[in-house]
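Listed below are the residues making up each chain.
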Amino acid sequence: MILTFLTFVPLTAGVLVALLGPDRQKLGRNLAFAASLLALALAVALWALFDNARGGLQFVERAPWVPSLGIEYYVGVDGLGLLTVLLSALIVPFAMLASWKIGNNPKLYFSLVLFLESGLFGTFTAQNFIHWFVFWELSLIPAFFLIRMWGGPNRSSAAFQFFVYTMAGSVAMLAAFLALYAATGAFDFAQLAQAAHRGGLFAGHKTLATAVFLGVLLGLAVKVPLVPFHTWLPAAYTEAPTGTAMLLTGAMSKMGVYGFLRILWPIFPEQMRAWRLPLLVLAAATIVFPAAAAFAQKDLKRMVAYSSINHLGYCLLGIFAAARLTDGTVAWTDEQAAALNGVMLQMFNHGLTASALFYFVGLIEQRGGALRGLNDFGGLRQAAPVFCGLMGIALFASLGLPGLNGFPGEFLIFKGALQLASLTALCSIPGLLLTAIFLLTILQRVFSGPLPAKWSGWPDLTMGERLTALPVITLIFVLGLFPQLLTGVANPAVMQLLKLF
Amino acid sequence: MLAWTIYISFLAAAFLMFLPGDNPRPAKVTALLAALAGLACALMGVIQCREHAGAGVLTDVVNAPWIAELGIRYHLAADGISLVLVLLTGIAAVAGVLFSWNVETRSREFFALYLALIGGVYGVFLSVDLFLLFVFYEVAIIPKYFLIAIWGSTRREYGAMKLALYSFVGSAMVLVGLIAAYVVAGAKTFDLVELAKHSHSFPAAFQNWAFIVVFVGFAILAGLWPFHTWAPTGHVAAPTAASMLLAGVVMKLGAYGALRVAMTLFPIGLHTWQNTIAALAVVGIVYGALVALVQQDFKFVIGYSSVSHMGFVLLGLMTLTQIGLSGAVLQMFSHGIIAGLLFAVVGRMVYDRTHTRDLAELQPMNLNQVLPFAAATFVVGCAASMGLPGFSGFIAELQVLVGAWQTFPVFAVLAAAGILAGVAYTLRVLLKAFFAEGVVDARARPRCERISLPERAGALLLLAATLIVGLCPRLLLDLITPSLNSPLMKPLWKAGLP
Numbered sequence: 200m201i202l203t204f205l206t207f208v209p210l211t212a213g214v215l216v217a218l219l220g221p222d223r224q225k226l227g228r229n230l231a232f233a234a235s236l237l238a239l240a241l242a243v244a245l246w247a248l249f250d251n252a253r254g255g256l257q258f259v260e261r262a263p264w265v266p267s268l269g270i271e272y273y274v275g276v277d278g279l280g281l282l283t284v285l286l287s288a289l290i291v292p293f294a295m296l297a298s299w300k301i302g303n304n305p306k307l308y309f310s311l312v313l314f315l316e317s318g319l320f321g322t323f324t325a326q327n328f329i330h331w332f333v334f335w336e337l338s339l340i341p342a343f344f345l346i347r348m349w350g351g352p353n354r355s356s357a358a359f360q361f362f363v364y365t366m367a368g369s370v371a372m373l374a375a376f377l378a379l380y381a382a383t384g385a386f387d388f389a390q391l392a393q394a395a396h397r398g399g400l401f402a403g404h405k406t407l408a409t410a411v412f413l414g415v416l417l418g419l420a421v422k423v424p425l426v427p428f429h430t431w432l433p434a435a436y437t438e439a440p441t442g443t444a445m446l447l448t449g450a451m452s453k454m455g456v457y458g459f460l461r462i463l464w465p466i467f468p469e470q471m472r473a474w475r476l477p478l479l480v481l482a483a484a485t486i487v488f489p490a491a492a493a494f495a496q497k498d499l500k501r502m503v504a505y506s507s508i509n510h511l512g513y514c515l516l517g518i519f520a521a522a523r524l525t526d527g528t529v530a531w532t533d534e535q536a537a538a539l540n541g542v543m544l545q546m547f548n549h550g551l552t553a554s555a556l557f558y559f560v561g562l563i564e565q566r567g568g569a570l571r572g573l574n575d576f577g578g579l580r581q582a583a584p585v586f587c588g589l590m591g592i593a594l595f596a597s598l599g600l601p602g603l604n605g606f607p608g609e610f611l612i613f614k615g616a617l618q619l620a621s622l623t624a625l626c627s628i629p630g631l632l633l634t635a636i637f638l639l640t641i642l643q644r645v646f647s648g649p650l651p652a653k654w655s656g657w658p659d660l661t662m663g664e665r666l667t668a669l670p671v672i673t674l675i676f677v678l679g680l681f682p683q684l685l686t687g688v689a690n691p692a693v694m695q696l697l698k699l700f
Numbered sequence: 199m200l201a202w203t204i205y206i207s208f209l210a211a212a213f214l215m216f217l218p219g220d221n222p223r224p225a226k227v228t229a230l231l232a233a234l235a236g237l238a239c240a241l242m243g244v245i246q247c248r249e250h251a252g253a254g255v256l257t258d259v260v261n262a263p264w265i266a267e268l269g270i271r272y273h274l275a276a277d278g279i280s281l282v283l284v285l286l287t288g289i290a291a292v293a294g295v296l297f298s299w300n301v302e303t304r305s306r307e308f309f310a311l312y313l314a315l316i317g318g319v320y321g322v323f324l325s326v327d328l329f330l331l332f333v334f335y336e337v338a339i340i341p342k343y344f345l346i347a348i349w350g351s352t353r354r355e356y357g358a359m360k361l362a363l364y365s366f367v368g369s370a371m372v373l374v375g376l377i378a379a380y381v382v383a384g385a386k387t388f389d390l391v392e393l394a395k396h397s398h399s400f401p402a403a404f405q406n407w408a409f410i411v412v413f414v415g416f417a418i419l420a421g422l423w424p425f426h427t428w429a430p431t432g433h434v435a436a437p438t439a440a441s442m443l444l445a446g447v448v449m450k451l452g453a454y455g456a457l458r459v460a461m462t463l464f465p466i467g468l469h470t471w472q473n474t475i476a477a478l479a480v481v482g483i484v485y486g487a488l489v490a491l492v493q494q495d496f497k498f499v500i501g502y503s504s505v506s507h508m509g510f511v512l513l514g515l516m517t518l519t520q521i522g523l524s525g526a527v528l529q530m531f532s533h534g535i536i537a538g539l540l541f542a543v544v545g546r547m548v549y550d551r552t553h554t555r556d557l558a559e560l561q562p563m564n565l566n567q568v569l570p571f572a573a574a575t576f577v578v579g580c581a582a583s584m585g586l587p588g589f590s591g592f593i594a595e596l597q598v599l600v601g602a603w604q605t606f607p608v609f610a611v612l613a614a615a616g617i618l619a620g621v622a623y624t625l626r627v628l629l630k631a632f633f634a635e636g637v638v639d640a641r642a643r644p645r646c647e648r649i650s651l652p653e654r655a656g657a658l659l660l661l662a663a664t665l666i667v668g669l670c671p672r673l674l675l676d677l678i679t680p681s682l683n684s685p686l687m688k689p690l691w692k693a694g695l696p
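In order, the protein sequence lines correspond to chains U and D.
Residue 507 in the numbering used here is what sits at position 308 of the first sequence, and the numbering runs on without skipping anything.
Residue 222 in the numbering used here is what sits at position 24 of the second sequence, and the numbering runs on without skipping anything.
Since the hints were made in silico from the structure, they are not lab data.
Backbone N, C-alpha and C fix where the C-beta goes; we use that ideal spot for every residue, glycine too.
Treat the hints with care, as some may be off.
Said to hold, decoys possible - Calculated from the model, a selection of chain D residues having no Cβ within reach of chain U, i.e. all distances over 12 Å: (1) D389; (2) I466; (3) Q494; (4) A574; (5) C670.
Said to hold, decoys possible - Now the in silico label distances, taken between C-beta atoms and shown as ranges: (6) D:T303 to U:G384: 53 to 61 Å; (7) U:P584 to D:E559: 31 to 39 Å; (8) D:D676 to U:G384: 55 to 63 Å; (9) U:K300 to D:D676: 32 to 40 Å; (10) D:R654 to U:P584: 37 to 45 Å; (11) D:A238 to U:H404: 20 to 28 Å; (12) U:K300 to D:I666: 36 to 44 Å.
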């Protein structure tokens, strides 16, 4: 029951908070935060009870829902699901604290965040397409309103673009799954994977199979995003209020990567192999171009948004590189396992680091009176040493400094990719360099140099802000030094994925 | 029990007609009690007949001779399909009264006509005798005309007349076909079950013309493109409760008749015309959505969206697969609820307060601040209308698409594109009407009374219906799916299906 509980705690709390009277704003906010802590406790309990030694799904619950269509209520988690659930449960309270003082009907804001959280949990635990899709869409609506109602000056078009892009992807995916259903009579991920394993889902209809594959791919590629389907992202992340941007990048972007591993990899192995080359090229583009674009930005939030695309590009590089058929002479299993383990680490760690970065940029914006240009500041280290130190840690984690959490994931991805797809991996390396340069530029322009007179009174982090950042900063160190905490969970799931391929 | 849905409605209508005085309060209360009693009867009927319906058996309610010379009987019976639609009528009737709580002019007559309409609708869904069905069908048309012509708004005489003319042309076509079937069968009966037994012995040439005449006659009322033009103008002209009923149940009368009468009586004709009608349905889906996308009048958007959503019903019927048909019936229910909800927001919550439906005028009012409850209701209604999972429309349109994919894959793809256009127009109208922040003008913000209790109750009733069915579609599917094999539906499957 624990997974059902996990999914419905935020949903129920969200409804309750929304139903409170308009004069109970504070109560609503506190209630929402308590619910997110309860969800976090449940997720941690899940992690503690999870049996690392066992591959496959655990905590399974299933019940018929619409039997005539093969739709079930079917939840369960493996290592992949557990990591993403844990990540979401961590990010939501963090993001709530970042929005603690949000104005204009905070009760509604916090109840929407809870709906979004429920959507995330549902997506990461559902094992039947329709069930999964319910929650995939459920997360979209609150995200839309969070941007639309609490966003920056261009929130209107940003939210609209975000919604329409994602919805178009969703419809393509739904159509593809209808075709799958028509061919196999199943919506169940595992059943579909088995059918694919037994030799083709469409019995010789190559073009249809490809079209269906591309439909699903489109839905996921928009969500991650994969260049060239990323154009909604910079606007949405930049216009979103800080807390929402943290949710979008920390947790929602992982829905797409999760889909690649849960759906595309097991159900379409043949097509993944056939389309590997163009997909690798796009993954390299997703790494290099957004890094270059971030380099050219003058707005801190936009820079962080582009760097987010770049970091998810590594995940996609790892996945596509690993989608290589074992040829007779060399067994690639070790490299494939390295790359996929790297992807899972990267998902988790990017979630933490990127949301921390958005948090700090949000603090700069709040203190700077809505200014957040790269050149608006300087020398802040003198006025706010703790601020500088903590944001510096997040920046270094983001550029992949060994010893911090960003490193193991990117290392494993490149370790695998350099052998599985040498050329693409080599071409992606400039992306790493550019990332390093622009992240260091931020550090330099904002925190070093002479302190302008108007910022001389720049306040350092308050105790509340330090405590908010503390858990994430701690995790950045812990997971950098002990990546086995994550790989222990991830590795059995990776082995399972490789068996299915 | 089920028969009482009809009697209560007509008795209450008659009572209202003879109620002395012009005080609106007793009229409203009487109407609400009658609608609630109807809903209660419908619910009890569903519970009573559930097992029969689940086994695909027709439950006789009343079966008595009426005009013996012609073999006409007063025969009411229900299978799962009727039950679902009777339930829809009950819910829509209650919601309609709640959203008409502010009708002050000639309210006695308003509610009398309203209940007469409801009674007729219940009658159609329960009749097994074709003649009886036709009588109820006509009974339902006449009050509609008066409701629009007397209590309507924009171009009400035009809208009412157009709707009445379309309806009467449709009925005339239906009548011709029915009499022809009666004569050709030569069995001296109007009973659908009896006639259905003959349906495969009707000559093919006869079926080919009779089918299209009867089908189109009914489908006019279901908004079949290109005979849909009465729907947007009629919806816009009608008072709120009448638009709710028009979209909620009256359009379902057409789809129900098309399924129950045209398709089962003339299965060979059905196969001849199957592709043509499916093509028209798809045109309706896409065309309705695209036209809705460019409307400036709030209510026209919803009016055209009804044409688009009813296209899914007709497409589902034409798939001739179990899954497509059960999707079509579920979509009838789902659209009835959702369209009712959207019309209630537009007509009652917004128009009655702001006195405009022009999106350009609504934009600067920033209604999400002025009417938060209406905004929240409309957001959820829009999500349901878009067919987002978790709401009734999702499972319904999904089933239609799965069925269409099996029969005509190309149409399935086009219909899916129609869903996308649906997302676009729904989002557009939602943003323009409630969330247009860029052009907010504090002076334009109207002073509005708060959303009243009856409105809240009505909105919650409809929201609960679409959510419950969306989350637990088996409640209705367990009634619908077996009924596709009930004696009334048998001819559909005997026609040598692929």
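Outcome of the hint check:
D389 of chain D, annotated as away from the interface, keeps every beta carbon of chain U farther than 12 Å; the closest lies near 30 Å. Chain U leaves I466 of chain D outside its interface by the beta-carbon criterion, the shortest separation being 27 Å against a cut-off of 12 Å. At the 12 Å boundary, the C-beta of Q494 of chain D stays outside the reach of chain U, the nearest C-beta of that chain being 19 Å off. Residue placement check: A574 of chain D does not keep its beta carbon more than 12 Å from all beta carbons of chain U (closest about 8 Å).
Its closest Cβ contact with chain U, about 8 Å, brings C670 of chain D to no more than 12 Å, contrary to its assignment away from the interface. Distance hint check: the CB atoms of T303 of chain D and G384 of chain U are about 57 Å apart, consistent with the given range 53 to 61 Å. At roughly 56 Å, the beta carbons of P584 of chain U and E559 of chain D sit outside the given window of 31 to 39 Å. A hinted range of 55 to 63 Å is violated for the C-beta pair D676 of chain D and G384 of chain U, which are about 20 Å apart.
As the Cβ distance of K300 of chain U to D676 of chain D is approximately 50 Å, the hint placing it in 32 to 40 Å is violated. Range check, R654 of chain D to P584 of chain U: Cβ separation about 55 Å, and the 37 to 45 Å hint is violated. The hinted window of 20 to 28 Å between A238 of chain D and H404 of chain U is violated, with their beta carbons roughly 53 Å apart. The given range of 36 to 44 Å is respected by K300 of chain U and I666 of chain D, whose C-beta atoms sit roughly 38 Å from each other.
When the structure is compared with the earlier hints, violations turn up for hints 4, 5, 7, 8, 9, 10, 11 and for no others.
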